[in-house]
Amino acid sequence: MDQSRRNFCLGAGAATVGAATLSTAPAEAAVARKGGDPAHRWAMVVDVRKCVGCQACTVACIMENDVPENSFRTIVSTYEVTEHDSSGTYMLPRLCNHCEDPPCIPVCPTGATFQRRDGIVVVDNTVCVGCAYCVQACPYDARFINHETQTADKCTFCVHRVDAGLLPACVETCVGGARIFGDLNDPGSTVSKLVREQDLKVLKPEQGTQPRVFYVGLDPKFQGRVDGTPTLWRPSAHAERSLAGKEHA
Amino acid sequence: MSFTRRLLLKTTAAGGALAAFAGGFSETGRKLAKGAWAGEKPENAISGNAPKPEFRVDPTSGDIALTPGQIVAYTGCIGCTTLCGVRVRVDTERNRVLRVAGNPYTPMSTDPFLPYGTPVQDSFKALSRFQEKGLNGRSTACGRGNAVLENVTSPFRITTPLKRVGPRGSGRWEPIAFDQLVREVCDGGDLFGEGAVDGLKALRDLKTPIDPAAPELGPRVNQVALITGVPDGRESLVQRFFQQAYGSINSVGHGSYCGGAYRAGSGAVFGDTKQQPHAKPDIANAEFVVFIGTAPSNAGNPFKRQATLVAKARTDGALRYVVVDPVLTNARAAAAGERADWIPIRPGTDGAFAMGIIRWMFENGRIDDRYLSQPNGKAAEAAGEAGWCNATHLVVVQKGHPREGRLLRASDLGWVTLDEKDRYGDKDAFVVLDPATGAPVAHDALTTAATLFHDGTVATGTGDLAVKTSLTLLREEAMRLDLRAYSDACGVPADVIGGLARELTSHGKKAAVNAHGGMMSGSGFYNAFAVVTINTLLGNLNWKGGTIVGGGRFPENGDGPRYKLASFPGQVKPSGLPLGRNVPYERTSEFKARKEAGKPYPAKAPWYPTAPGLTTEWVSSGIVDGYPYPVKALLLWNANPVYGIPGAHRFAQKLADPKTVPLIVAVDPFINETSALADYIVPDTVLYETWGWTSAWGGVPTKMTTARWPVLVPRTDTLPDGQPIQLEPFLIALAKRLGLPGFGPGAIEDMDGNRHPLETAEDWHLRAGANIAWLGKQPVPDASDEDIAFSGVERVLPALKAVLKPEEWRKVAFILARGGRYQNQAEGFEGDRAAHRFAKPLQIHNEAVGTSKSSLTGRRWPGTATWMPPVFADGTPVSRVHTPADWPFQLVSSKSVLVSAYTIGATRLRHLHPENPVGVNVEDARRLGIRTGDRIRIATPGGAELATAIVRHGVMAGVLAVEHGFGHREYGARTHVIGDHRQPEVPGIAAGINLNDLGLVDPTRTGASVWVDPVAGTAVRQGIPARLERVAAA
Amino acid sequence: MDTNIVEIINVTREVAWLPWAVQYFFLIGLSVGGLLLSLPGYAFAREEWRRLGRVALLVALTCGLAAPVALLSDLHQPGRFWHFYVVLRPTSWMWWGSLFIPFYVTGLLVHGWACFREEFQQQGRVDSRLAALYRLAALGGGRNDRLIRGTGLVVLAGAALVALYTGTEVAVVKARPLWHTPFLPVQFLMTALVGATGLVLLLNRFAAVTDHEVEVQANRLLAGALGGVMVVGGLWLALGLFGIDRTHAEALESVAKSEAWRVTAIWAVLATALPFVIAVAKPKGTGLLTGLIAVHSAWMFRWTVFIGGQTVPKTGAGFYEYALPAGPDGLLGIVGTAGLWVFLLLSITALLPTPPRSAPHPVRAVPAADRAVAAE
Ligand SMILES: Nc1nc2c(c(=O)[nH]1)N[C@H]1C(S)=C(S)[C@@H](COP(=O)(O)OP(=O)(O)OC[C@H]3O[C@@H](n4cnc5c(=O)[nH]c(N)nc54)[C@H](O)[C@@H]3O)O[C@H]1N2
Ligand SMILES: Nc1nc2c(c(=O)[nH]1)N[C@H]1C(S)=C(S)[C@@H](COP(=O)(O)OP(=O)(O)OC[C@H]3O[C@@H](n4cnc5c(=O)[nH]c(N)nc54)[C@H](O)[C@@H]3O)O[C@H]1N2
Ligand code: SF4
Ligand code: SF4
Ligand code: SF4
Ligand code: SF4
Ligand code: SF4
Ligand SMILES: [Mo]
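Protein chains in written order, with the numbering used here: chain A, 1 to 249; chain B, 10001 to 11034; chain C, 20001 to 20376.
No wet-lab data here; the hints were simulated from the structure. Don't take every hint at face value.
Said to hold, decoys possible - Result set (BS3-like, lysine-lysine): computed pairs, CA atoms no more than 25 Å apart in a straight line:
| # | chain 1 | residue 1 | chain 2 | residue 2 |
| --- | --- | --- | --- | --- |
| 1 | A | Lys193 | B | Lys10133 |
| 2 | B | Lys10427 | B | Lys10468 |
| 3 | B | Lys10163 | B | Lys10659 |
| 4 | C | Lys20257 | A | Lys204 |
| 5 | B | Lys10274 | B | Lys10427 |
| 6 | A | Lys34 | B | Lys10041 |
| 7 | A | Lys204 | A | Lys193 |
| 8 | A | Lys193 | B | Lys10312 |
Stated by the list, open to error - Restraint ranges, calculated between C-beta atoms of paired labels, are given here:
| # | chain 1 | residue 1 | chain 2 | residue 2 | range |
| --- | --- | --- | --- | --- | --- |
| 9 | B | Thr11006 | C | Glu20259 | 51 to 57 Å |
| 10 | C | Glu20253 | B | Arg10005 | 55 to 61 Å |
| 11 | A | Ala39 | C | Glu20253 | 42 to 48 Å |
| 12 | B | Ala11034 | C | Phe20242 | 30 to 36 Å |
| 13 | B | Pro10984 | C | Leu20088 | 47 to 53 Å |
| 14 | C | Arg20046 | B | Arg10005 | 35 to 41 Å |
Glycine included, every Cβ here is placed at the ideal spot set by N, Cα and C.
Bound conformation, chain A alone (with noise of 0.2 Å):
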């Protein structure tokens, strides 16, 4: 049992409940995978240095997934940094980590969120209750709930278009050429060769959900939460409310 699924089970007496259940090693958890193919195990590397903070990736996620107003599967967190007297632009981009240990899974009551065989987390959402727990779980903050359908939402690495021969849409379109989607199970392709050749990092390691979206060239200031002075403006429902009329001094 790895540490994070022993930090699953805290608290006075859960240990027997805990231990009975949660005992599952990842291998198990493999095997309670379904769909898609096992030949494959898709994977993003995201080169942080070519990213130009364009949010192409971010439109054209909404765009092809009819992503709901105002929520996000992806978005390029954009900072200024500043160190040693010297600034930069520090340009982020976050999505679903497709974590070989996630733990959105395990606490999902009714098993809508789920992992299929090519490692791609998914979240059928026909069976959702619309619980969150998941939204909870993840440390990514990856998930949301979906106000027009009310069931979870998150990046599904395009999973259509992977199973039809094609790059998700925000790999398709990045303008940087930051995002490289691929086959952790194909030794030749360009994500296996980078995982091998390069000395990649992932988000909140610390948390053992062993993440399949790697990154190149992450500063570890950014590699867990950030500490910074906020964005002034959300993006939400009432963002555009509260901006009022133009006043005019």
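On the provided structure of chain A, position chains B and C with the ligands as indicated by the hints.
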């Protein structure tokens, strides 16, 4: 309390409680009642509402299976002026664009891009997961490009011709029939119950001079003026109508408020201040680039191509670059580490910075002597150079000499005798010194290097004449101030300037500088001149890794090779003096009159002999003051000067007064800040509905033309013959009603002399396509049936077949199927030189500039790069009028990485980035007690606005950074009522501020003005003096 | 110079567990607390605790009935609640909860019936139109202490499971350091007791005649519970402050920088210390005040944990702003659950008016062992 009262109370309470419960749980109840689907049921259990993929790729063969009901078409984007070729996925049944990405055939969206001959089916393969082709062959649309499809279905679109109700700008319109529109615009009359208005018919007077006393102004037809903005590839038709057929000289684009100052400075170096050629760094191959006032990947043009190349080059390639900018943008990506750097600079002082670099180069012997010393193209070629310049050419410096400031010519030395008209022309050689003999020789007589530096005399028939080489003049200019003084002026430490200069000169020809929007200051022209001169001193033009002018376009509008589109019988050659006064004042009657009166200077308002047309002057002195002559009718097409020019908003009131301009007609899909003031608005179609032939405005080594063709059925109303109402039928109908040549039946002649009609948009654009198809050594191949089937071109095939000849339509289809015509990537360079070179000499000293005079002071402008602080028109430094003590801040503006001015209506972009808080430097903020989120008040001598602050390290001290594209008053920020339909009003569209609302007038001028660069006449949006105060907490 | 980071573009994740969840955890906590408070008087038949126990039982019942409704509303697909029951998802504490809740609530109803059976019987003897109904409800019996104890023990097990799952469900969420502490379940339980005691004090105060004995008893209990809360809170803080334990350090760290959270902390300390002092110093006559504060602090604790906790971004900088919406997903929902609770309370108290105090409990003299027999 009695029992009954208690019971009553309790029952009431229980009732109330129950009601509260019912209210609170209403939603739950509603959802429960809906059963299994409390929300909307999406298409698919896993992928939700994602439409079916556009095609499927067989994992083993790579074969493509198309998805019925969808097409993938390669067409053009107008999300910004980059005008990329994109691929658009259309749901044909719903006539909607599902998503946009890049066209793999075009360098605008792809690197490396596909060989042009690639079958369309294979292009789809190249985008897919098949053999991971799609990763390397990735073809993209940017964030805006992905969102701009919202413009198609925008609730703010107008779809029918509008005529104003009530006064201009009232926001009330009536929809009118197309015929009525054409009739009223042509015939005029008492159109608004405000008295008679002249229509275009009455105003087309090609003979009567505007002012008999000033014949140079030209005929009255010039009083009809046209402003065009986004050059979306239909300009050739517009010019055919407006200039060649209607006959007015007054057509102007947005250059003067785009990057005009940069282009003017570049034009000075490239020796053409009217066409203003410019070169771009070859990012893919460069080793070191300094971006001074342009922000690749944040803005810059071509935005997306530069972004792609910069990202790749700084990571996988050899590129290191530095962005010199008062504001930190996305251009300096922190993750790129050492490969990207940012150096803050004080606004409007790039000339000091550049001259500092130039001085350092001279002092340290780091100029490219070999390149600079070649007196002509042949010598340069022999010396292994890829271009040449006039560094060695002698300039007359004799004080008071009539030729002072001019380049010495063979005829000046009596070596040739030429007709007056040929004198000082191409046949009249320049003069250089032969280093072997020290004697003057014709520049084209030498086969080797000429003397670079000389300050002395040459003997002429009429005595000795003081001369210097161009480079000597530049060196003197550079040495005028020491590095410290330059550093003090621009705020960049002297050692940083020196260090940069050292780095810049350490990469041979694989180093470059570049500029653009950052030059739009009160010293922009000379700043840009200085910046571009650095490239000359590096000798990097036409070199791989240096700067390149690019391959340019396949011109669609020439006289052939298939159709004569450039000319037609009966065409007018417009004459007269343009409204922008971009001609020498000294040639006007006004000058003569004033000279006779003994005081030739100042002119009533400035003249700009070395500039192209200037919208900046049009909207102020031109239209408002009627100087040099009043405008009777104003046409606007895709332009929004009221929003885009700093300070122009103050003339909105004037424009709204029919006495200022009696007739205003706008052609635009949206109601913008300018067209809101029009009398009539003609609905134009939007991007994916339109035709257009566009190209890159630089930075692409190969020749290219992007084809934009309608992949959607336009959403504007249709005419009885089925044509959608848009620009083209409007122009054609006007032309026909006015009886203009060049339009209607038989208006287009082919190369065999057969005549063809110009009755529809297709009549023009498809024939233009045929011209493109036949350009070059051999025409493009025929489109295969498969190409046609895969590309969605099927949709327009009937039009192709109807308009074009049997041997033509498949070739045009070949182009449309690939979204344009593109020279193959491999042909961009020949070895380490650009295949498409700029062959003319670059100017170290530009005599046209060096001999032009300020029409206010009569003083001559310097002919080389120099450092000149921001000034007003009469040369008064701005800081003397608006002192830093009073106005301690300077406003600058940078483009939003996400929005362009007219994509503000796209909700998906706005939700991502709903406002443009103004960047305030941390130290300044601390001093004024301002925190991120606070409301601040920014005042300039031109106005005051409230804004939100964002406190940043990435803004230089003393600078206020405004992101451009926000602070709208139209586009949906305000309701317009059309007939009885109210357009929605979305406050979010008005969010934030527009720097231009704070733009200045020029206090040294009389009459209407906006602050412009005194030489280039270009809008000043950088370095506007300002004050800042905190108004309220977040 | 220190590193300085300014977020230029990022998105907010809105809270996904809505105020409904706060209401649920509040009510279910109060119910469990109420049940625990009722046990001495009923299940363990300690007569001196019985009057307090009766009020507590009312708390347990009313809150226990209202809570699942709030929980249902927190599901975005409430019509699919049955999906819980057609799968086996033992890894999910929420799934376990879906089993525990009905078990507890059913047990509570049975237990409540057992406890009130005596009163049903009495009401059945009064001449009223409803007498027959009361007699039916009493199922022909009266007080049965064995039944009460038996059902009491069962429902105690249910309550324990509910307390366990509600606490653990939240505490296992590693993604939220603030939640992810073994203390949380304990804190939930302690504050539940505080809240339940507070509500007992309030109901007691609002009953026709305030029972000062109950008030003093409850205030003493309250002081004890608050003391417990303070000890646990102190430990939590200490572990966090001294970085003894990583999870606590992270939990503290996640909010330490926020002004709003500091205010909340001070508030929490005050809301604990103040009633504690009052309850200890002057247990009589202060029930309204201490009760109000206690109920409020139990609610605040949950509000802070759930809503506040969700305003701590998992990756973004700073804190999300939460504005309480007016509709069902906000204020109206809160008011709605309160309405439901009030309605339940009024209904139950209308059916079972407080027995007159003057009549001393007739059974007091009867030896416990005989009661069951006597009642039959
Ligand atoms: N994202 C985006 N890209 C675009 C467009 C768009 O609307 N949005 N529009 C396209 C168009 S029309 C154009 S013309 C190009 C323009 O492309 P750019 O020239 O790259 O963009 P600008 O933002 O106009 O100006 C560049 C930078 O100049 C800086 N600057 C301001 N004042 C000064 C100064 O005095 N000195 C120096 N050194 N820098 C200064 C600004 O902070 C800004 O970052 O972009 C094109 N690309
Ligand atoms: N403060 C500040 N001011 C600036 C700038 C800045 O950075 N800061 N940038 C400047 C620059 S670089 C430029 S180029 C100018 C631009 O200024 P302009 O060229 O005057 O105007 P734009 O706002 O680009 O929009 C032109 C018009 O094109 C229309 N349009 C948009 N899409 C379509 C379409 O698909 N079809 C048709 N037919 N029409 C369409 C829009 O409705 C709009 O009315 O602004 C300049 N002004
Ligand atoms: S919201 Fe849906 S997917 Fe997430 S945990 Fe609940 S039931 Fe599972
Ligand atoms: S990133 Fe979050 S949603 Fe995605 S698999 Fe990991 S835990 Fe689940
Ligand atoms: S893979 Fe698809 S769903 Fe995921 S972020 Fe990219 S576009 Fe969105
Ligand atoms: S599309 Fe690529 S370059 Fe642009 S923001 Fe997204 S990840 Fe970065
Ligand atoms: S750069 Fe401009 S033209 Fe190109 S895709 Fe983006 S918005 Fe469209
Ligand atoms: Mo521009």
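| said: Of the numbered hints stated earlier in the document, which are not met by this structure? | reply: none
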